[in-house]
Each structure stands twice: as structure tokens, then as C-alpha cells.
Amino acid sequence: MVKPKVQIENLRLSYGPKEVIHGISFDIEPNEILGIIGPAQSGKTSLLRCINRTIEFTAGAKPTGTIRVDGEDIAKMRNVYELRRRVGMVAPLPVGLPLSIYDNVAFAPRAAGMKKKSELDTLVEKCLTQAALWDEVKDRLDSLGTKLSGGQQQRLTIARALSHSPEILCLDEFSIAIDPVTTMRIEDVLKVLKKEMTIILVTNLVQQARRLAARTMFLWNGEIIELGPTEQLFGDKPKDKRTYDYVNGIFG
Amino acid sequence: MSAHTDITPQATFAETPFTRKKRTQELIAKCFFGGMAALMVIPLIYIIVHVVAQGWQSLSWDFLTTNPRLGGAKGGIWSVIVGTLYIVTFSLCVSAPIGVLAAVYLNEYAKESWFTRIVNLAVVNLAGVPSIVHGLFGLGAFVYAAGMGKSILAASLTLAIMTLPVIIASTKEALAAVPRQFREACWNVGATRWQTIRRIVLPNSISGILTGVILQVSRAAGETAPVMITGVAVFKAVEGTGLFLYDPFREQCMALSMHLYFIATQASNVAPSLPFAIATVMIVLVLAVNATAIAFRSWLRSRKKW
Amino acid sequence: MQYQRSKTGILIERAIELLIRLCGISAILFVFGIFFFVFREGAPFLSKLNFAEFFGSANWNPNSQNHPQYGVLALIVGTFSVTGLAMLIAVPFGLGAAVFVSEFCTGRTKETLKITIELLAAIPSVVWGFIGIGVLSPIMIKYFHATVGVNLLNGAILLALMSVPIMVSIGEDALKAVPDSFREAAIALGATRWQMVWRVLVPAAKNGLLAAVLLGVGRAVGETMAVLMATGQSIRIPHAFTDPVATLTATIAAELGESNRGGDHYQVLFLIGILLFTITFIVNLAADLIVKGVRRK
Chain R
1 MVKPKVQIEN LRLSYGPKEV IHGISFDIEP NEILGIIGPA QSGKTSLLRC INRTIEFTAG
61 AKPTGTIRVD GEDIAKMRNV YELRRRVGMV APLPVGLPLS IYDNVAFAPR AAGMKKKSEL
121 DTLVEKCLTQ AALWDEVKDR LDSLGTKLSG GQQQRLTIAR ALSHSPEILC LDEFSIAIDP
181 VTTMRIEDVL KVLKKEMTII LVTNLVQQAR RLAARTMFLW NGEIIELGPT EQLFGDKPKD
241 KRTYDYVNGI FG
Chain X
253 MSAHTDITPQ ATFAETPFTR KKRTQELIAK CFFGGMAALM VIPLIYIIVH VVAQGWQSLS
313 WDFLTTNPRL GGAKGGIWSV IVGTLYIVTF SLCVSAPIGV LAAVYLNEYA KESWFTRIVN
373 LAVVNLAGVP SIVHGLFGLG AFVYAAGMGK SILAASLTLA IMTLPVIIAS TKEALAAVPR
433 QFREACWNVG ATRWQTIRRI VLPNSISGIL TGVILQVSRA AGETAPVMIT GVAVFKAVEG
493 TGLFLYDPFR EQCMALSMHL YFIATQASNV APSLPFAIAT VMIVLVLAVN ATAIAFRSWL
553 RSRKKW
Chain H
559 MQYQRSKTGI LIERAIELLI RLCGISAILF VFGIFFFVFR EGAPFLSKLN FAEFFGSANW
619 NPNSQNHPQY GVLALIVGTF SVTGLAMLIA VPFGLGAAVF VSEFCTGRTK ETLKITIELL
679 AAIPSVVWGF IGIGVLSPIM IKYFHATVGV NLLNGAILLA LMSVPIMVSI GEDALKAVPD
739 SFREAAIALG ATRWQMVWRV LVPAAKNGLL AAVLLGVGRA VGETMAVLMA TGQSIRIPHA
799 FTDPVATLTA TIAAELGESN RGGDHYQVLF LIGILLFTIT FIVNLAADLI VKGVRRK
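Chains as they are written, first to last, in our numbering: chain R, 1 to 252; chain X, 253 to 558; chain H, 559 to 855.
None of these hints come from the bench; they were simulated from the model. Treat the hints with caution; some may be incorrect.
[What the hints assert, rightly or not] Now the in silico label distances, taken between C-beta atoms and shown as ranges:
| # | chain 1 | residue 1 | chain 2 | residue 2 | range |
| --- | --- | --- | --- | --- | --- |
| 1 | X | Lys556 | H | Lys565 | 35 to 41 Å |
| 2 | X | Leu337 | R | Asp73 | 24 to 30 Å |
| 3 | X | Trp558 | R | Lys3 | 41 to 47 Å |
[To be verified] Here are the simulated SDA-like pairs of lysine to any residue, each with C-alpha atoms no more than 20 Å apart in a straight line:
| # | chain 1 | residue 1 | chain 2 | residue 2 |
| --- | --- | --- | --- | --- |
| 4 | X | Lys274 | H | Ala743 |
| 5 | H | Lys734 | X | Gly286 |
| 6 | H | Lys672 | X | Ala547 |
| 7 | R | Lys116 | H | Gly567 |
| 8 | H | Lys672 | X | Ile300 |
| 9 | R | Lys115 | H | Leu671 |
| 10 | X | Lys274 | H | Val758 |
| 11 | X | Lys282 | H | Val758 |
| 12 | X | Lys282 | H | Leu671 |
| 13 | H | Lys672 | X | Phe284 |
| 14 | X | Lys282 | H | Lys734 |
| 15 | X | Lys488 | X | Val522 |
| 16 | X | Lys363 | H | Arg572 |
| 17 | X | Lys363 | R | Gly60 |
| 18 | H | Lys672 | X | Phe548 |
| 19 | X | Lys363 | R | Lys147 |
| 20 | R | Lys147 | X | Lys556 |
| 21 | H | Lys672 | X | Arg549 |
| 22 | H | Lys668 | X | Leu291 |
| 23 | R | Lys76 | X | Lys556 |
| 24 | X | Lys273 | H | Trp756 |
| 25 | X | Lys363 | R | Gly16 |
| 26 | R | Lys117 | H | Gln562 |
| 27 | X | Lys274 | H | Leu671 |
| 28 | X | Lys282 | H | Gly748 |
| 29 | R | Lys115 | H | Gln562 |
Computed from a prediction, not measured in an experiment: that's the story for all the values here. Ideal Cβ placement from N, Cα and C applies to all residues, glycine included.
Sequences are here, hints too, so could you generate the full structure?
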């Protein structure tokens, strides 16, 4: 029996008086792509931010319950920065830091202590290649990351997320602000990356989950409505009627 | 078909009495408001020209580089300029670092709570405190309570507290102009708060921070009330034209602002152009510093990175 | 990642963060300390203070041997009359200029005008005071038939020129905050720019414009040197615009030197300082609360 990579046990999250995640529990298997679908304001982004503990930067956010990575309770981890390096995060809107493209990708390794230029060079090239951006920028690594197009900036964000060799990669509606062609390229990248890491794919595009995820979870109003093999949720007979309605566009 | 009902481009856009009336109204409005703006600019120009013209007679290289004699009625203003330089430099060496770091704390570290809100409110309100009240504070806190006596140190620290809230406020504004998503992107890859501040936030707000500090230089140089009761003397005889090494704990010094006040109101047997000359020096100093800050700010805006 | 940050690196970061926290706390201390120290010097007199006389009497005779009087009514009237008159002049010009810069001006002219106004704000108050004595005073005597050149009107004109820049700056922010859709809707309905400004923009921006005026008032009330030099420092209630007056701020500056530390006169001057602190605090607080609403849009 393979141990789960991530175990969520009875996670509750409140923003002030308002509870947005109501005690959910589930496991994420290693090297799988888990899709999370659901309408807006369901707690999908908040869930991801609990996993890498950036929820702590939001004033008034109070998570309870336990999240384990490789069996270890993340709330008890002394070095939260190490945790954030084990979990890569890609936000919905592309963000190029106001540094050179090289420095964008080298930012995380430098922050972790990597200093040798040769190592950084190799790493930058590897991550940009994995993110399907190397060919477009290899001649202008010095130019500002903020001046790239939206699609390029999103791939740059992915390269940045890969630069600290995460074990878990979280993607939060990554294709919202980019064109379909770039989306396809990134999806191909994800199919390859799944061999090296566990991927959590939050998406508004129901079809994207169908293409990429082996298992999918339907999260609505902070509760898990259904979790199972993707084909089951998208087929004719999902366990819950609400899943069928959402997937087929009857609401949401 | 009459001209009024022709549907041709010429007829549609032709001038009618109505459009003519509208255009005149526009012109009147523009002149009216423009006049109001002009009525502020004109006094400024008139004042500067008048002051410089009147002070011209006393202005000379000698004037700027010799020390005052006879209580300031004769001689130059060299030691006065040096004194101003001292208190302004001392005070900004204290208030700039503390102010910038305090703003970093308030904007980047402090958790949102009723307490931080009160502190922020207090900072903003302190920026509006009358200068004489700053002088009273300096008197009570530095001159008496801390036992510094009327000295350069007391005067400098008083000026420092006066410029501190404004530096905090302008630094916070510069820091807040850096978009939040940059910080979040850094946190997501495991950078600490300080690493984020050092690599992204500070380098991209340094322009705004510097502008704010430079503007306070001219304010510190121009203030009279806070320093006249805490450590700037009406007259202090000094010999030579070096950069006198005052003992900041015991000695007072002279300053341009206080000197102008004294010469203009209380000195006797003074050449009429003397106060104008001092005022000219002050105006030139202040305008030069502010113009530098403004030019710096414009240049940095043109190099915007996002 | 297998990499470790160097131990010194981590130590330095901890030290810097400690320094930042210390500065933050010290700033908080200074901020409240001002009130504390001013109060401390003046507080001993509070028990002896006759509040009715303090606020209600215009007799200010601190140096009288037998019967010193500490009525600050004349000073309060002095402060508010100079400020009031200054605002009467400054508000139309300041807001008018704000409208001009915001709505009728573009590109180069706008930049130049804004810079000029900013430079106007930079002139030190002692220089303004000197202008009052050296430039305005003869004008007062010659054209306004004043007996004394340094008087209420003189001070008011200077204060107006000093508070206009901040009114233009905040006022312009307030007008900028009004969404363009308002302007476009008005013009689409056929309004002239004047009508758009008067009937649409000003009502929409009235909070911010009010805050601008309040901040100008705060500036004027707190001004010391310019009024000290240009209002004649005569402690009595004025009856005409060309009468000399004295303000709260100027009186403190003028008389502190001649008072003995710890004496009654000295302590009362500090109490006046507290009064001033309170007035400007209220004015700035009101403006700040309104401005926060405007700038957040």
C-alpha cells in the first residue's frame, strides 16, 4: 500500500466569523494529477493556500484540522519556508517579478542558499525548458520578466515554481489569463511532470480536468460533494446528482 | 429643403448659435479657472523676483563665505550656513533610518489589528502638528528631561521628531505602491519576509522613499520655531571659516531660519538689503533641493518596471 | 532542496528583523511621546487654572505682579480670524486651481503648473513672514490705509498662499478619483465642461474637496513664524481687517523665551500648546477620515 502524499484531515477554515471550508478530509496519492473542480467561492484557492501555509498571510484566516505531507503534520513543521519549497504554487494571474528572466527563475534557489553560478545556470535552463519557455527567451535572459506577454509570464511562473524542485505542484486555475495554445503546451508539460511530482490541479474548465486528471474532486461551498475517478464524475452516473448538474453546466 | 433639415455632413456639423454659445461658455470657464491658477503662480514669481532683486546688493561670494559680526548686522553668513547644515544632517541621520525601517515594519510586518490602526492614525496626525508644539516637545523632552540643555543635539533631535512622521507616511506610500502579487509570488517559493523586502519591495520603492526624505531636508532647513527654543542661537561668534567642530552636547549654533527671523524683526542698524539677501539664500536652497527631488522622481517614473 | 542558507546569513536576517521591529516600536513611542512631554510641562498648572477665565477672557497679562491674568480668548479669536479670512481667500482659489489642473489642463502645462504649486509649498514659513514684513506691509499701508502694516489681513494673505498648495494637491486627487464615466455621461448629454464640473464633478468629489479644505485649515491653524512676523503680535480682539492681532502659535513662540521654567507663565504657554495640539488633531483627524474614503476608491 503506497502511503498518500498529502492527507487532509477534517480541515476547517474561517475568515473571521465566516466559515468557508467545512471540515473536509481526503488523501492525495503520490504521482497523480488530482483535479479539483467547483464553482467560484467554493474554497478551492483557500484549500491550496492551506497546504503551503500562505493562508497565514491573510489577516483573520483561521484554519483548524490537520494536513500531513509524507505523514508529517505541516502545522508542526519548524521551517515553514522548507515546506513552501516542497510545494510549488502557480496562481491564476501570471506574475513576472520585476527582475530579469534569469533572476526570476534563480530567485528561489538563491533564497534557499544556492550560490554557484554554474549550478544556477543549469537550473535556470532546466526549469525554463520544462516550462516550455526556454526557446523563446534563451537569447534575452537579461530582459525584465514583467515585459513578457501573459502566456509567457505564466510559463515563467511555472518555471519559478519548478526551480525549487517541489514534490507537490499546485496549479490554481492557471489557464484563466492565457490563450488556448499556451494552455495546451502547459498541459503537455504537466503530463510529463506527473512522473516526478504530485500535481493538484484546481480548474474552472471542467474539460481540462477530464483531459489531465486521473481522479477528480468536486468541491462546492467548502464541502466535498464527490471524489473519485475522473470518468465516474464526468460519466452518466456520478455518485451525486449535483456533480452531474455542475459538470453539464446546469449550474455554476 | 431648408438648411436646418439637410442631412449632409456639412449641415450636421455646421455652426449654430447653440454651439457657438457652448464654445463661448467653455472658453469663459477655462479662463476663469485658469485665472485662479494663475493668481497663485503670479505672486510666487513676483515674490521671488522682488526678494532677489532687493537682496542682490548684499549678495556676494564674500557674503556667503565670511562669518557674521556685530550680532549679525555686519559680515556674512558662513557660520550660519554651516550651522544649518549641521542640524539638518544630524536630524536626518536620525529620522531617515528610523522612519524608513518603522514604515517597513508598519507596512510589511505588523499584523492588522486595532493597535496598528491607531498607530497609523497617530503617525498621520502627528504630521500635522504645529511646529511650535514640536518646539515645546523638544524643550520638555530633550532640553530638560534628557538634560541636554539648549544645544545642537537637542535642536537636531527636535527636528528629527518633526520630520519622522512625514518620512514614515511617505515611505509607507512608496512601499504600498509595490503590488501585492509580487510579494505573494515570493512567499510562494519559500522566501522569507525579509528576503522579499530586500529583493523586490525595497529596490522598487527606493525612489519614492528617497524623494520623501529629500523633501524633508528642505523642510528641516526652513523651520524656525522648533529650533529657536531648543538650541539655535541668535548669535554665536566663531573664528575662521572651517567646518567648525561644535560640541553638540553643549554648544549652540546659528541657522539660516533663525538668522532671518532675527535680522528681519529685531536687529538694529542693519542694511535694508541684508534680510532680503538671507531670504534669497534660503529660497535658492529650498528650491534647489525640492527641484532635485522632483526631477529625481520624474526620472524614476520614466524607468517604471511594470 | 538540499541547500542550506548560511548560518551567518540567517543570523543577519534575524538581527535586521529585530532592528525593524525596534524602529517600529520606537516610532510608536515618539508618536505618543509628544503629547506626553508637552502635557508634563504644563500639567502642574491645570489644578490652578480658572477655565472660565482661560477660555472666556481676553485679558492676557502674564507679567503682572499682583494679578496675572491668563485669558486666551483674544488669542483664540486671533487664530480663528486669521485662519477664517485666509480660507475665504484660499478656498475659491485653491479649489478653482484644482479644477483647472484636473480638468482643463494637459501635458506640459499641467506638469509645470503642478511643479510650481509644489514649489510654492516648499517656501519656509519664516520667508513668508519676512515677505509679510518687507513686501506686503508697505502695500497694506499704501493701498489699504492700514495704520500698521503687519495686521490680520497681511497674515491672512500669507496663510492663504501657504495653504493653497495642499488644497490643490488633495483637491486634484479628489477630482481624479471621480470615474471617467461620470464625465463621459455628462458630455454625451451635451453639457459644457463648466456644467460638467459644476453639476457633476464637484458634487461627486465633495468629500475629497472638503477634506482638502480641512487640511488647508489645519495647516493655517498650526502656522507659527509667518503669523508671528506678519500679524503684529498684538493681543486684542480685532475690529477691522487692518487691525493687528496675535495667534495662539505666535504667542507661545514670542513669550516662551521670557518665561521662567516651572513658573506659571511657562506652564500656561505649554497648556496653550496642548490646546493647539487638540485643535489640529481634531481637524486633521476629520480630514484624514474623509480622505481615506476618497483615496481608497
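task = Find the hints from earlier in the document that the structure breaks and name them by number, from lowest to highest.
result = Result: hints 2, 9, 19, 23, 27 break, sorted rising.
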